[in-house]
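Dock chains B, C and D against chain A, hints included.
Residue numbers (this note's numbering), protein chains in the order written: chain A, 131 to 341; chain B, 131 to 341; chain C, 131 to 341; chain D, 131 to 341.
Do not take every clue at face value.
Unchecked claim - No farther apart than 20 Å at their CA atoms in a straight line, the calculated lysine to aspartate or glutamate pairs in the EDC-like style are these:
id : chain 1 : residue 1 : chain 2 : residue 2
1  : B       : Lys-251   : A       : Asp-216
2  : D       : Lys-251   : C       : Asp-216
3  : A       : Lys-145   : A       : Asp-183
4  : B       : Lys-261   : A       : Asp-329
5  : C       : Lys-251   : D       : Asp-183
6  : D       : Lys-231   : C       : Asp-191
7  : D       : Lys-235   : C       : Asp-216
8  : B       : Lys-235   : A       : Asp-329
9  : A       : Lys-251   : A       : Asp-191
What the hints assert, rightly or not - Restraint ranges, calculated between C-beta atoms of paired labels, are given here:
id : chain 1 : residue 1 : chain 2 : residue 2 : range
10 : B       : Val-233   : A       : Ser-256   : 26 to 36 Å
11 : A       : Ile-160   : C       : Asn-307   : 33 to 43 Å
12 : B       : Lys-145   : C       : Gly-200   : 24 to 34 Å
It should be emphasised that the hints constitute simulated quantities derived from the structure, not laboratory data. Note that the structure is predicted; figures quoted are calculated from it, not measured. Note that the Cβ used here is the ideal one computed from N, Cα and C, for glycine as well.
4 protein chains.
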Amino acid sequence: MKIMITGFNPFNGEKVNPAQEVLKFLPDTIRGHRLVKLNVETSFEKAASQVYDALLAEMPDYCINIGQAGGRSGITPEKIAINWVDASIADNTNYQPKGQKIVAKGMDGYFTQLPINAIVKNIRNSGLPAKVSNTAGTYVCNYLFYKVQYWRNTEFPNLKGGFIHIPYLPSQVLQSNQPSMSLNDITNAMMIMLKTVIDYDGLKDITSLYD
Amino acid sequence: MKIMITGFNPFNGEKVNPAQEVLKFLPDTIRGHRLVKLNVETSFEKAASQVYDALLAEMPDYCINIGQAGGRSGITPEKIAINWVDASIADNTNYQPKGQKIVAKGMDGYFTQLPINAIVKNIRNSGLPAKVSNTAGTYVCNYLFYKVQYWRNTEFPNLKGGFIHIPYLPSQVLQSNQPSMSLNDITNAMMIMLKTVIDYDGLKDITSLYD
Amino acid sequence: MKIMITGFNPFNGEKVNPAQEVLKFLPDTIRGHRLVKLNVETSFEKAASQVYDALLAEMPDYCINIGQAGGRSGITPEKIAINWVDASIADNTNYQPKGQKIVAKGMDGYFTQLPINAIVKNIRNSGLPAKVSNTAGTYVCNYLFYKVQYWRNTEFPNLKGGFIHIPYLPSQVLQSNQPSMSLNDITNAMMIMLKTVIDYDGLKDITSLYD
Amino acid sequence: MKIMITGFNPFNGEKVNPAQEVLKFLPDTIRGHRLVKLNVETSFEKAASQVYDALLAEMPDYCINIGQAGGRSGITPEKIAINWVDASIADNTNYQPKGQKIVAKGMDGYFTQLPINAIVKNIRNSGLPAKVSNTAGTYVCNYLFYKVQYWRNTEFPNLKGGFIHIPYLPSQVLQSNQPSMSLNDITNAMMIMLKTVIDYDGLKDITSLYD
Numbered sequence: 131m132k133i134m135i136t137g138f139n140p141f142n143g144e145k146v147n148p149a150q151e152v153l154k155f156l157p158d159t160i161r162g163h164r165l166v167k168l169n170v171e172t173s174f175e176k177a178a179s180q181v182y183d184a185l186l187a188e189m190p191d192y193c194i195n196i197g198q199a200g201g202r203s204g205i206t207p208e209k210i211a212i213n214w215v216d217a218s219i220a221d222n223t224n225y226q227p228k229g230q231k232i233v234a235k236g237m238d239g240y241f242t243q244l245p246i247n248a249i250v251k252n253i254r255n256s257g258l259p260a261k262v263s264n265t266a267g268t269y270v271c272n273y274l275f276y277k278v279q280y281w282r283n284t285e286f287p288n289l290k291g292g293f294i295h296i297p298y299l300p301s302q303v304l305q306s307n308q309p310s311m312s313l314n315d316i317t318n319a320m321m322i323m324l325k326t327v328i329d330y331d332g333l334k335d336i337t338s339l340y341d
Numbered sequence: 131m132k133i134m135i136t137g138f139n140p141f142n143g144e145k146v147n148p149a150q151e152v153l154k155f156l157p158d159t160i161r162g163h164r165l166v167k168l169n170v171e172t173s174f175e176k177a178a179s180q181v182y183d184a185l186l187a188e189m190p191d192y193c194i195n196i197g198q199a200g201g202r203s204g205i206t207p208e209k210i211a212i213n214w215v216d217a218s219i220a221d222n223t224n225y226q227p228k229g230q231k232i233v234a235k236g237m238d239g240y241f242t243q244l245p246i247n248a249i250v251k252n253i254r255n256s257g258l259p260a261k262v263s264n265t266a267g268t269y270v271c272n273y274l275f276y277k278v279q280y281w282r283n284t285e286f287p288n289l290k291g292g293f294i295h296i297p298y299l300p301s302q303v304l305q306s307n308q309p310s311m312s313l314n315d316i317t318n319a320m321m322i323m324l325k326t327v328i329d330y331d332g333l334k335d336i337t338s339l340y341d
Numbered sequence: 131m132k133i134m135i136t137g138f139n140p141f142n143g144e145k146v147n148p149a150q151e152v153l154k155f156l157p158d159t160i161r162g163h164r165l166v167k168l169n170v171e172t173s174f175e176k177a178a179s180q181v182y183d184a185l186l187a188e189m190p191d192y193c194i195n196i197g198q199a200g201g202r203s204g205i206t207p208e209k210i211a212i213n214w215v216d217a218s219i220a221d222n223t224n225y226q227p228k229g230q231k232i233v234a235k236g237m238d239g240y241f242t243q244l245p246i247n248a249i250v251k252n253i254r255n256s257g258l259p260a261k262v263s264n265t266a267g268t269y270v271c272n273y274l275f276y277k278v279q280y281w282r283n284t285e286f287p288n289l290k291g292g293f294i295h296i297p298y299l300p301s302q303v304l305q306s307n308q309p310s311m312s313l314n315d316i317t318n319a320m321m322i323m324l325k326t327v328i329d330y331d332g333l334k335d336i337t338s339l340y341d
Numbered sequence: 131m132k133i134m135i136t137g138f139n140p141f142n143g144e145k146v147n148p149a150q151e152v153l154k155f156l157p158d159t160i161r162g163h164r165l166v167k168l169n170v171e172t173s174f175e176k177a178a179s180q181v182y183d184a185l186l187a188e189m190p191d192y193c194i195n196i197g198q199a200g201g202r203s204g205i206t207p208e209k210i211a212i213n214w215v216d217a218s219i220a221d222n223t224n225y226q227p228k229g230q231k232i233v234a235k236g237m238d239g240y241f242t243q244l245p246i247n248a249i250v251k252n253i254r255n256s257g258l259p260a261k262v263s264n265t266a267g268t269y270v271c272n273y274l275f276y277k278v279q280y281w282r283n284t285e286f287p288n289l290k291g292g293f294i295h296i297p298y299l300p301s302q303v304l305q306s307n308q309p310s311m312s313l314n315d316i317t318n319a320m321m322i323m324l325k326t327v328i329d330y331d332g333l334k335d336i337t338s339l340y341d
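Same shape as in the complex, but just chain A (with noise of 0.2 Å):
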């Protein structure tokens, strides 16, 4: 099988972005499993291609995509993916859409294939922080779980996709009253993420299972 798992780059004035960060820590191969590492342009349209010539180079089983959600307290799987933009603030290109779909004919919106509430549990026993997320927002994030799920719906009957955010690292918030993870605990939590996900694979309807 073959994983692959991508990370942003920094944003928003930030030096670095936690999921490219622990990219750096996961290993090549995870129980015999092939993890590709891709390093992504926080960019709609940037990150989109990136994303999309490396699913056809590689063809992986899986496609995981890794984003910061400042704010958050702990790891959070993404529910669904939803066929929306509305950009806060410009990407790395200075490109910020407004309010509209991201497919026109796209359906509203697509639930991950990711075992989400198995690796929230399995995270949590480990000790750390996880919940399940409903909300991936409507940027740069969103914007690259709905298209990996509009292709796999389209070109790619096969992939399994999903998205994981991480919190801030503690360095990005020094004086800023914000939560954050040590990068040694959000790589801790990815491994665990991508075991259940290795775990998992081929289980029916595991998006409900909790055991």
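Here is chains B, C and D on its own, set in the frame of chain A:
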């Protein structure tokens, strides 16, 4: 035109529900359009059957559900209903469904038919905080919102639906450091919401309109 | 009896200050006691000199300062003024003192002479949120509060002083997810506060009284 | 030089207290100075007597108390101890004092003798969030902090004291949306705090120093 508007009764130990309180202060007609007000039980099944029966009896043009979103500081019209229920507390009939679809073969998500960006803009212009929300949660609120959308797609093709979350009343947060909004302000915001719905009725692509 | 009550003008880019707005709606007498209302500049030195001059001119029994505490959800009477200033932003005269004592030889802290527990209880009984605060910050609010307490200990032995922080108005948080309170509710809370001060005047150990 | 450092045991239903956990990872000497570690009960009277006895037995130069501040996202050295106790929950001996002075004739407040601005600066420079706090609350933490300050002023004139609040551990907030900090990061921050205390020992006006 006929607009049905519903409000839940108190739940989770609360003595009031702002959604039900605000209904008492809304008029029976707005700009010549009839407003049908309906109190519903904070119960997955009862709320659904109460609203379904009322839709059959009244055949309204709009079905707008109002619900309390404890912890939110402003009026938050919801963007999307999702096909998922996962209750962290039991409802008023002691029913607590965990991790399952609402409708087995239903779509993952349905966008609202309300002009939510315009509603947010108009409420802000009146001096009150408002923001589009991209998640109505996975409790009774989202359940009812999803059911109405599902019925629209299967039985009531001319129905338009939407969900508006409102903050706690001040009396519900006496000691809790949670945000609240006065009943008078909530009522004013609901009047603006209703007038906006009427003003935008019949316009195309209203969900993307900011003006 | 004579009660002086002060409110700051807008600062930090705000167009209004709820403290100054609420003064407009307070009466000139309460239960036969005179209420002297004073607008003060959000400036360390100007506010202090304005209040000092007014204390000399009016010789009030109480000096109650009202200030905006952005981010707080209820009315928060302050317990203690501390001998420290550390401004994170400049005041309205572009003065920004960092890490220093307010009065070189002053006490580290002074407790208020207001019956703050009773005020909190009475405001809650009226259906509005309130809580004792143990820090008035290290900006202009605490500075003025401390100065009044210092003057009480050196020049005005019969003066009683206190500081009441109030939330943002709804119009100040249109898009910000911050809590707010309507001007009407703040006004009602300030009336309850003033009546409680009058009711408890002359009682001993009022700061520890809950009833 | 001898530094005594204390940590409370778990309270309010928690299974761990980060203050007690971090003590386990601190060394016995830092730069040649002895570190005396003391576990104390989360009890108003027991903690006070445990620390008083240890002060008599050890005669340390510094007494630094560490406590858990649930809900805070960074390390928060406290500025001031106040002469007030008002417990919202019972302590570990089921004692819950309400609204009263700690020492009948004591000062209203005492500033810490720790270089808290320098501590905050140095912790931030290491990449971890920190902020001066101006309230240690009115529970056991402030009580112990005040008692030590009072003893300093009456019996131990050479003693210097201070209180450091630290966040929850990740394992304490698995499902709660509250911020946390890893034990490894808390330990590093406490090492920086101790080294800063040592570096600034003997300097004048340390509380106002930022550099």
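The hints, checked one at a time:
no.: 1; hint: Lys-251(B) <-> Asp-216(A); verdict: 14 Å, holds
no.: 2; hint: Lys-251(D) <-> Asp-216(C); verdict: 14 Å, holds
no.: 3; hint: Lys-145(A) <-> Asp-183(A); verdict: 27 Å, violated
no.: 4; hint: Lys-261(B) <-> Asp-329(A); verdict: 40 Å, violated
no.: 5; hint: Lys-251(C) <-> Asp-183(D); verdict: 39 Å, violated
no.: 6; hint: Lys-231(D) <-> Asp-191(C); verdict: 25 Å, violated
no.: 7; hint: Lys-235(D) <-> Asp-216(C); verdict: 29 Å, violated
no.: 8; hint: Lys-235(B) <-> Asp-329(A); verdict: 26 Å, violated
no.: 9; hint: Lys-251(A) <-> Asp-191(A); verdict: 23 Å, violated
no.: 10; hint: Val-233(B) <-> Ser-256(A): 26 to 36 Å; verdict: 35 Å, holds
no.: 11; hint: Ile-160(A) <-> Asn-307(C): 33 to 43 Å; verdict: 38 Å, holds
no.: 12; hint: Lys-145(B) <-> Gly-200(C): 24 to 34 Å; verdict: 30 Å, holds
Of the numbered hints listed earlier, those contradicted by the structure are 3, 4, 5, 6, 7, 8, 9.
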